[in-house]
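Now for the letters of each chain:
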Amino acid sequence: MSELDDLRTAIEELAARVRVLEDELALGQIVARYGPAVDSGSSEAAARLWTDDGVFEVPPYAVWTGHDEIAGMVEGEGHQELIHNGAAHVLTAPRVVVDGDDARGWNYALNIRWDAEQERFWIARVSANSWHWHRGAEGWQIVERVNRNLDGSDEPRAVFRGSAEAP
Amino acid sequence: MSELDDLRTAIEELAARVRVLEDELALGQIVARYGPAVDSGSSEAAARLWTDDGVFEVPPYAVWTGHDEIAGMVEGEGHQELIHNGAAHVLTAPRVVVDGDDARGWNYALNIRWDAEQERFWIARVSANSWHWHRGAEGWQIVERVNRNLDGSDEPRAVFRGSAEAP
Amino acid sequence: MSELDDLRTAIEELAARVRVLEDELALGQIVARYGPAVDSGSSEAAARLWTDDGVFEVPPYAVWTGHDEIAGMVEGEGHQELIHNGAAHVLTAPRVVVDGDDARGWNYALNIRWDAEQERFWIARVSANSWHWHRGAEGWQIVERVNRNLDGSDEPRAVFRGSAEAP
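Protein chains in written order, with my numbering: chain A, 1445 to 1611; chain B, 1445 to 1611; chain C, 1445 to 1611.
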């Protein structure tokens, strides 16, 4: 029986390691889904990446809270004009720290826009992003995403210090 | 014996989860190999990412089908001039959906070019990409990659709606 | 006993596959940590990504060797001016080849800078990067990172041919 117990323990330990890998990949996939959702105007697909009362904070421009506000941002005139002129929300693969059913992450988001006259793109915004995800009944979702333009001010550096100081 | 069977089942279930993770990482690696292959002019390495009759569709410019055409694109005058003037094909980590021996994905590709006089780069193209991969005797390869410039037209949004509507 | 041995072997084989996945994700995480560290001016967090005598080579500009020099680069006047004017070091997810306790990788790094007058960003540098990592007592760290601007010269293409020729 002791040998069986050893095997059982080995399988459980391995399963725990596999779960961490699944979590890390799942969180990267949430980030990879954001751009295609908003750039195709798929407001529901974008909103569902957040928890019911999840927050998307883009200071000093706006704070959107919950599915309706986030979907409303995608459906709104500003965003619709953006994507019909040609726009890309390009996010990089995040650094991720998983802690049970919560996780934090950091990455870059580029807001790139098409200039039809010049036939080239220009970069309107490159932001430092921090993410807080939670695993609930719907799986991993965004609790809070903060997006700060890397314009030389201290706030985006403070966002990224979170990554530097995390384990 | 029943306990042994339980352990065997637990190992098989774990192996299936590990295989999904291996697949997701392998597909991300195909995407990560494309840029370095074409930007170094390594035509065979680029072509081998596709199946024998795989398709690389860049409407309205071109459709390349099969290894010879894809390698020919890399060896061709247009691409050679591009990389000798300074160019980068920067692809983002894809959203991936694996379904057995087939998989689909979506990501961005930036076509960036060096301007030697201004000593800076400019962005010629930011595209919505969809990928269909298949696992065969050679492992995962690209069956079809579609690349649509995000210039405000509906086609690239339709490409990305595939991501929004996928499970 | 033979059946127990079979299960033990199956678990060991699975554990080896899980370890490869852990390695690949860990190496991607090192890359994902670099940008937030340097763009927040977190010199120690950046330096610790390298081994004690690790090398960061950015020809023809500079070669930094070891923690003190790498941290010194981040704390130096040039880098500090860069991030206080607004800058982003945006790295893509790497292609990775793990070989025991050593690994190699290739990716892109974009050096993007804020232009406060034009209220847009411009791209100063897009480089071909090669990485050599080693796993030691501190886990995976960078032994050597080479960064070559994709300005049309042969050297960055040679860097990326390493990716094309790797297994």
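No lab work stands behind these hints, which were simulated from the structure alone.
A couple of the hints might just be wrong.
Anything over 12 angstroms on all C-beta distances counts as not near chain B; from chain C, calculated [to be verified]: (1) R1492; (2) G1510; (3) A1515; (4) Q1585; (5) A1602; (6) S1607; (7) A1608.
Chain C is faced by these chain A residues, among others (derived, beta-carbon under 10 angstroms) [claimed, not checked]: (8) A1515; (9) G1516; (10) A1537; (11) N1551; (12) A1572; (13) H1576.
The beta carbon of each residue, even a glycine, is placed where N, CA and C say it ideally should be.
- Does the nearest C-beta of chain C fall within a distance shorter than 10 angstroms of the C-beta of N1551/A? With Cβ-Cβ at 7 angstroms, under 10 angstroms, it holds.
- Message: If I take the minimum Cβ distance from G1510/C to any residue of chain B, is it greater than 12 angstroms?
- Response: holds (28 angstroms)
- Task: So, A1572/A near chain C? Judge it on the closest CB pair being under 10 angstroms.
- Result: holds (7 angstroms)
- Item | Nearest-CB test (12 angstroms) between chain B and A1602/C | violated (8 angstroms)
- For S1607/C, which was marked as not at the interface, is the minimum beta-carbon distance to chain B over 12 angstroms? violated (4 angstroms)
- Task: Have a go at the G1516/A hint: is there a Cβ in chain C nearer than 10 angstroms to its own Cβ?
- Result: Because about 26 angstroms separates G1516/A from the closest Cβ in chain C, which is outside the 10 angstroms limit, the hint is violated.
- Item | Residue hint A1515/A, partner chain C, criterion CB-CB below 10 angstroms | violated (28 angstroms)
- Status of R1492/C, Cβ more than 12 angstroms from any chain B Cβ: holds (24 angstroms)
- Hinted contact H1576/A with chain C - closest CB pair below 10 angstroms: It is violated, given that the least Cβ distance between H1576/A and chain C is near 15 angstroms, above 10 angstroms.
- Query: Do the numbers back the hint for A1537/A, that is, is its least Cβ distance to chain C under 10 angstroms?
  - Reply: Holds, because the Cβ-Cβ distance from A1537/A to chain C comes to roughly 4 angstroms (cut-off 10 angstroms).
- Item | Minimum Cβ distance from Q1585/C to chain B greater than 12 angstroms, as the annotation requires | Check passes; 21 angstroms lies beyond 12 angstroms.
- Query: So is A1608/C really clear of chain B, every C-beta pair being over 12 angstroms apart?
  - Reply: The claim breaks: A1608/C does not keep its Cβ more than 12 angstroms from every Cβ of chain B (closest is about 3 angstroms).
The structure shown violates the earlier hints numbered 5, 6, 7, 8, 9, 13.
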